[in-house]
Amino acid sequence: MAAFIATYGFLIVSMVLAAILALSLYLPLMAGQLSLASPGFYAMGGYIGAILATKVFTGAGGLYPVKWVLVEMAAAGLASGLLAVVVGVPALRLRGIFLAFATIAFVEILRVLSLNLDITGGAIGIFGIPQPFATQFGYMWIAAPLLIVSMAFVYRLERIRVGRAFIAIREDELAADAMGVNPTRYKVLAFALSAVLAGVAGALSAHFYNTWNSRQGTFDLGVSLMAFVLIGGSRTFLGPVVGGLALTALPEVLRSVADIGGLPGWLAQFLRDGRLIIYGLLIAVGTVFFPHGLITPAFLTRRSHRAQSTSSGGQTS
Amino acid sequence: MTRAEAGNGCLAVETMTCRFGGLVAVNEVSFSVQEGEIFGLIGPNGAGKTTLFNLITGLTPPTGGRLRYRGRDITNLPPHRVAAAGIARTFQNIRLFGDLSALDNVMIARHARTRSGVFAGVFGMAGAPDEERATRRRALELLELVGLADRAHEGARGFPYGDQRRLEIARALALEPDLLLLDEPAAGMNPNEKRGLSDLIRAVRSQFDLTVVLIEHNVPLVMGLCDRVAVLDFGQLIALGDPTEVQNDPAVIEAYLGD
Numbered sequence: 001m002a003a004f005i006a007t008y009g010f011l012i013v014s015m016v017l018a019a020i021l022a023l024s025l026y027l028p029l030m031a032g033q034l035s036l037a038s039p040g041f042y043a044m045g046g047y048i049g050a051i052l053a054t055k056v057f058t059g060a061g062g063l064y065p066v067k068w069v070l071v072e073m074a075a076a077g078l079a080s081g082l083l084a085v086v087v088g089v090p091a092l093r094l095r096g097i098f099l100a101f102a103t104i105a106f107v108e109i110l111r112v113l114s115l116n117l118d119i120t121g122g123a124i125g126i127f128g129i130p131q132p133f134a135t136q137f138g139y140m141w142i143a144a145p146l147l148i149v150s151m152a153f154v155y156r157l158e159r160i161r162v163g164r165a166f167i168a169i170r171e172d173e174l175a176a177d178a179m180g181v182n183p184t185r186y187k188v189l190a191f192a193l194s195a196v197l198a199g200v201a202g203a204l205s206a207h208f209y210n211t212w213n214s215r216q217g218t219f220d221l222g223v224s225l226m227a228f229v230l231i232g233g234s235r236t237f238l239g240p241v242v243g244g245l246a247l248t249a250l251p252e253v254l255r256s257v258a259d260i261g262g263l264p265g266w267l268a269q270f271l272r273d274g275r276l277i278i279y280g281l282l283i284a285v286g287t288v289f290f291p292h293g294l295i296t297p298a299f300l301t302r303r304s305h306r307a308q309s310t311s312s313g314g315q316t317s
Numbered sequence: 318m319t320r321a322e323a324g325n326g327c328l329a330v331e332t333m334t335c336r337f338g339g340l341v342a343v344n345e346v347s348f349s350v351q352e353g354e355i356f357g358l359i360g361p362n363g364a365g366k367t368t369l370f371n372l373i374t375g376l377t378p379p380t381g382g383r384l385r386y387r388g389r390d391i392t393n394l395p396p397h398r399v400a401a402a403g404i405a406r407t408f409q410n411i412r413l414f415g416d417l418s419a420l421d422n423v424m425i426a427r428h429a430r431t432r433s434g435v436f437a438g439v440f441g442m443a444g445a446p447d448e449e450r451a452t453r454r455r456a457l458e459l460l461e462l463v464g465l466a467d468r469a470h471e472g473a474r475g476f477p478y479g480d481q482r483r484l485e486i487a488r489a490l491a492l493e494p495d496l497l498l499l500d501e502p503a504a505g506m507n508p509n510e511k512r513g514l515s516d517l518i519r520a521v522r523s524q525f526d527l528t529v530v531l532i533e534h535n536v537p538l539v540m541g542l543c544d545r546v547a548v549l550d551f552g553q554l555i556a557l558g559d560p561t562e563v564q565n566d567p568a569v570i571e572a573y574l575g576d
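Read top to bottom, the protein sequences are chains A and B.
First residue of the first sequence: 1, per our numbering; consecutive thereafter.
First residue of the second sequence: 318, per our numbering; consecutive thereafter.
Calculated directly from the structure, the hints in this document are not laboratory data.
Among these hints, one or two may not hold up.
With beta-carbon atoms standing in for the labels, derived distance ranges [said to hold, decoys possible]:
hint : chain 1 : residue 1 : chain 2 : residue 2 : range
1    : B       : SER523    : A       : VAL288    : 48 to 56 Å
2    : A       : PHE270    : B       : ALA443    : 50 to 58 Å
3    : A       : PRO291    : B       : GLN409    : 22 to 30 Å
4    : B       : PHE436    : A       : ARG95     : 24 to 32 Å
5    : A       : LEU117    : B       : MET442    : 34 to 42 Å
6    : B       : TYR478    : A       : ARG215    : 54 to 62 Å
Stretch by stretch, here's where chain A covers chain B in the computed footprint (C-beta under 8 Å, at least three residues) [what the hints assert, rightly or not]:
hint : segment
7    : 388 to 397
8    : 404 to 416
9    : 419 to 427
10   : 444 to 454
11   : 556 to 563
Selected chain A positions facing chain B (in silico; Cβ < 8 Å) [what the hints assert, rightly or not]:
hint : residue
12   : LEU94
13   : GLY96
14   : ARG156
15   : LEU157
16   : GLU158
17   : ARG164
18   : ALA165
19   : ALA168
20   : GLU173
21   : LEU174
22   : ALA175
23   : ASP177
24   : MET179
25   : GLY180
26   : ASN182
The beta-carbon is built from N, C-alpha and C at its ideal position, and this holds for glycine as well.
The task is simple: from the sequences and hints, build the whole structure.
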């Protein structure tokens, strides 16, 4: 077990962070908005964490106090949420692919800013970010609860008034509007919740990766997150979580498979080096055969449906 | 002296005009709908009936004219504010949330009549769970009313046409409207269902104290149900009065049969 954790600790935390970020992309999607802005808020959250840890909360010997990490995460979440409202009000007037483009531009603006500002360390970025844990697996003390809380949050959200408003906008914005749901308000809310989650994850990631620069949280991350959501499933919160966990683990799994003896040399080589090809194939095949992803509400409700109808029957009688 | 002049108007449409480029879809149409009446809006295809509904509900911005709802100017309100003010509608080309259950469809329309925000809802504070239960109970009652309670958990897309129309009515009623706009509620229904629909519309009017405006092509339904009928042709109001009066109006006969 200890050996396993030592070997795979980094991977496991990466998987959890990926799942959190995939949830962040899922939130606007719940309201039907394809936003690729999450990496931008993730990058900004990372810089906020990195700057606070290296320039403000200094002076502690030994391990960096966990409570300060939490303060950084809160600050990053707050700043991301506020920026999301400011950016979201004009940007969410755009629909569909135009919103996606605008959010890509937003990510790019933040990247260029971070590359040129002094406070973000320019091209070098910020390095030597202090470590709150002795091992990388230690980050699970924060990452795992954060994932569980986010999952619980979105799970609840899908079942309450505000979440229903999101879903109504996704299904038919015009009909939702005519039924009394203010589309702009709930799109901005979904966008802001997404930004808070990405910002919080960014602040934690800055410590986890020990260094933060303009290569973190770029358009490439947006594409990966979209793949997590599309393959995992875009109609229930479990989809992005499973997608983020599984696809982040996939390269390591493939490597292990390749290491099993007896495989033909070319196949082992392909499994080791053809990761991107396999990834791309999965997206292509997935969108054809599982257009709503692997985990769909229909897949989940097949069992829970009976429980739901009996409980509602109890309420009416 | 009409009842509108006596201050009993529910909805007043004042010289409403809507142009799409060179096409005048609705041309200076004025009429008022009285509290509690069932008001029919008829006319040949392309007469501007649905456009008029879209103007009233804020989905289409008007080119000119004014809308007053219970004395309040609602001319340029966005659709959700019109809905919150108490005007609910159904759609000619059914616009249910197809992937969602019948129950969810109706629960969504309780939005404007409920309050709880994101954190109260997620953490189950400040009365949010009670509100959720009430929303669910109310939605089930409305499904019961339109005869769909036993299929509350089925996806709306899978419903037969007539059931989808009744589900739309249940969804509109969830908004607790004072004014209900029905856009061709009988389209696609069989004669049996159409009779049931007349009864349903009368029943909900008296149960919820509604004023109803409906667009309908089915003449027997309109004649049997409506207190007054307005006729549109090429965007213009060509007749207004009680059903038999309108039926014998030469302008109406010409609009339908041509010259």
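For each hint, the structure was consulted:
| no. | hint | result |
| --- | --- | --- |
| 1 | B:SER523 to A:VAL288: 48 to 56 Å | holds, 53 Å |
| 2 | A:PHE270 to B:ALA443: 50 to 58 Å | holds, 57 Å |
| 3 | A:PRO291 to B:GLN409: 22 to 30 Å | holds, 29 Å |
| 4 | B:PHE436 to A:ARG95: 24 to 32 Å | holds, 28 Å |
| 5 | A:LEU117 to B:MET442: 34 to 42 Å | holds, 41 Å |
| 6 | B:TYR478 to A:ARG215: 54 to 62 Å | holds, 55 Å |
| 7 | 388 to 397 | holds (count 3) |
| 8 | 404 to 416 | holds (count 8) |
| 9 | 419 to 427 | holds (count 6) |
| 10 | 444 to 454 | holds (count 7) |
| 11 | 556 to 563 | violated (count 0) |
| 12 | LEU94 | violated, 18 Å |
| 13 | GLY96 | violated, 18 Å |
| 14 | ARG156 | holds, 4 Å |
| 15 | LEU157 | holds, 6 Å |
| 16 | GLU158 | violated, 10 Å |
| 17 | ARG164 | holds, 5 Å |
| 18 | ALA165 | holds, 6 Å |
| 19 | ALA168 | holds, 5 Å |
| 20 | GLU173 | violated, 10 Å |
| 21 | LEU174 | holds, 7 Å |
| 22 | ALA175 | holds, 4 Å |
| 23 | ASP177 | holds, 4 Å |
| 24 | MET179 | holds, 4 Å |
| 25 | GLY180 | holds, 3 Å |
| 26 | ASN182 | holds, 5 Å |
This entry does not satisfy hints 11, 12, 13, 16 and 20, going by the numbered hints stated previously.
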